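> Here are the chains, one letter per residue:
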Amino acid sequence: MSRNADNWLLRVTNLTKIYGEPNENTVDQTGPKFNSNICPETDSIVACADISFDLYPGEVLGIVGESGSGKSTVVKLLYFDMEKTGGAAWLKPYADGSIDMLSESNQKKRFIRNNLMGMVYQNPRDGLNFNFTSGGNIAEKLIMAGNYHVGEIRGRASDLLNKTEVPVLRMDDRPANFSGGMQQRVQISKAIANNPPLLFLDEVTTGLDVSVQAKVLDLIRELQQDLGIAMIVVSHDLSVIRMLTDRTIVMKNGRIVESGLTDQILQDPQHEYSQLLVSSLL
Amino acid sequence: MNILEVTHLSKEFNLHILNNKRIESLKDINFTMKEGEIIGLTGKSGSGKSSLMKCLYRTYLASTGEIIYLSKNGAVDLVKADDHRIIDLRKNEITYCSQFLSVIPRVAAIDVVCENLFRVEKDKDFARSQSKNMLEQLGLPYDLWDAFPVTFSGGEQQRINVARAIIAKPRFLLIDEPTASLDAKTKDVVVDMILRLKAEGTSVLVISHDEYTLDRLCDRRIDLKFGEIISEEMATNQ
Amino acid sequence: MVENIKYANKYNFAFIDEATKKEIRRKLLKAVAIPGYQVPYSSPEMPIARGWGTGGLHVTLAIIGREDIFKIIDQGSDASVNACNLREFVHQMTNCQTTYDTSEATLIQTRHRITEEELTENQIFVYQVPQPEPLRSVERYEYRTRQMHGEADYAKMWVSLYESYVRSGDIMLGAGYPVKVNKRYIMAPSPIPRWDVPNLNQSKALHLFGAGREKRLYAVPPYTTVEALEFEDVKFHTEDFKGTECYKTGYKKAFLDELYFDDGSKHFIINDSNFLDKLVEKESPKQHENKYIKQLQS
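Protein chains in written order, with full-length UniProt numbering: chain A, 1 to 282; chain B, 1 to 238; chain C, 1 to 298.
Pair by pair, the computed Cβ-Cβ distance ranges are:
1) N129(A) x Q295(C): 30 to 40 Å
2) T42(A) x I48(C): 52 to 62 Å
3) I48(C) x Y19(A): 45 to 55 Å
4) S179(A) x A147(B): 19 to 29 Å
5) G146(A) x N2(B): 50 to 60 Å
6) I38(A) x F100(B): 38 to 48 Å
7) N195(A) x N2(B): 39 to 49 Å
8) P141(B) x F34(A): 50 to 60 Å
9) T7(B) x G146(A): 51 to 61 Å
10) T7(B) x N14(A): 36 to 46 Å
11) S179(A) x A79(C): 55 to 65 Å
In silico DSS-like links for lysine-lysine, alpha-carbon gap of 27 Å or less:
12) K122(B) x K215(A)
13) K108(A) x K183(C)
14) K21(B) x K33(A)
15) K198(B) x K185(B)
16) K282(C) x K242(C)
17) K198(B) x K187(B)
Derived by calculation from the structure, the hints in this document are not laboratory data.
Being a predicted model, the structure only gives us computed values, none of them experimental.
Every residue gets a Cβ at the ideal spot worked out from N, C-alpha and C, and that includes glycine.
Using the sequences plus the hints, can you model the full thing?
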């Protein structure tokens, strides 16, 4: 354990997001024990609290839980889509993991986001600009990382579209005219455009039909193998978690109730809620 | 040298959702395993063979006891080790091959087999040639190589599963019923493959109900009943 | 003229009251201190409607002194209706001397052009700006564009240039081509043609921009770097007048207007009326120098 204890890529401690005006009892009076994330005293809502974990390079971590359990909040906080209420997170490739990235200025956060992370949202509209072409969407990410050469941008965009099996002929079409699965693949191309060491996937296969789902999963798996990207996969679908992840965190009412190896969580869940989750889905 | 030392291992399931019902699956298991040894786990269905194997692979969390595994980097207690250490061992040393094939849909058979190899071998074509070689030995019809294993018959899936488990030459192999639905000829091929691994230093724990397989493979057998070891015996051919 | 003086005396010098002038000057100082940054200001009521040059007029009236010699052009011409009316208004309100001669003027207000004749350190150039926000075409919300400027997050602007190139094989922006000022802020140089954009770079004059309807002021101080946005392999270029020349003077190195005569024939003529007049009078006014003009063969 001590041998590679320092080998983390992302370290998250006590990540907390509370809406409203909490008091000192808010965190203690919410969570799975109370089966609620609304503070009885202040009515503030604890989206997530005390979330801590390490992610290793190349590792795929799953976060499961029912709607409202706070699983999406965790990745949105880490991708700076939301402001944290408390907690800290360090990313190894940024300042050698010595600076809490959640406390950085917006400009630095943007740098981290553009160069060291990628995000694939459930709804392609959140990750893609539908007024731009699919090539333009990828260009946006490349430009943000400092590439101002149209020829190189187009070369890289067509490589990425090739990799994600989007016909390169459609590079100059708008994603609004694409099928859902293809939009999702354009989104993935954009997310990995700068070879980030870390990728967030928020319910990426939800809403796609089964055959398209399988293709997207296969693509993610392949990218993980080829590029060694570490990933955090948020899903309520246990079969997605089973196929993609090494390790899984189970969340309920904004808290981690259990974490472990994915096959252990699925076959020998310890917490009452995990047992319920697994037994109702298998 | 012992690669594995299991002491006072027990496993109890606490089913919260069934009014905290407790199921005792393994009771005070003690045994050791030498490096390069093949041990057969035997016993009736429900005797705890698979539970034991899953405890060793950390698919199940043991309730008490120690599982000391001597890795390339020193001794590790598989019960208490950090998840990342286990992932590391699974990637590099320990492979588990279950009775059932579980794969991502729509990945060709040949790539399913390669999966573990891709982790270490960056040259994909080389990995695929290894995989072809293996499928050829196992007699999987050529036209199935590029098909999706989900659609295969039981015996075909079994062969894919075995090939996938042994292609990367693990240091410690846990294998559950490798020959169950195979014909006599293919059974021999699988047994030979495992023996070849053993010759290269792999230690193997195998579950089987098939006397022929057990006879050919095992140095030793451990017989389980109701979650307890009732006998440990040397194989007759030793 | 007697009537005019009587009329002007009813008002404060330069129409706007001194307190409001002070406010505008303070905002102008801030604009000069942060080149290219848009400073919100009061945009007081004027006797003309907002959007008809009030921004430029605010700036002019806030900074004009009794010694100033005022020139105003609209699309390069001293004689268009907008220019004539505003010239008359400024004159009535200040009694300052007005002129058509670019080199004589100390304060020049303009709509949509920079003079062909080079500006000097003694001149202030005031623009009437309809849309001060260069990012408006890619982001409709003001709070977002201000955030984008604050964090120098200009990827969307660049993507729109990329998209334009992909669609048309060129960056199809005529007037108001976005520029980066002092390597920091992206600025809309009011809708001047691409021809004029390089003349902002390291200009000796002070350039002040006023957008009355949008209530924003911004500035390019003298000797400031102003760069048109361009990709490493897709470059900015000025309007192409290849194969044409001014029919009156035969001059090729100026921004030209297209004219159709009654017989249907097409001719070109220098857009800047004072520059044209000087060439016709056989004077040789000193023109701006930039690499795009140099490339042209005369």
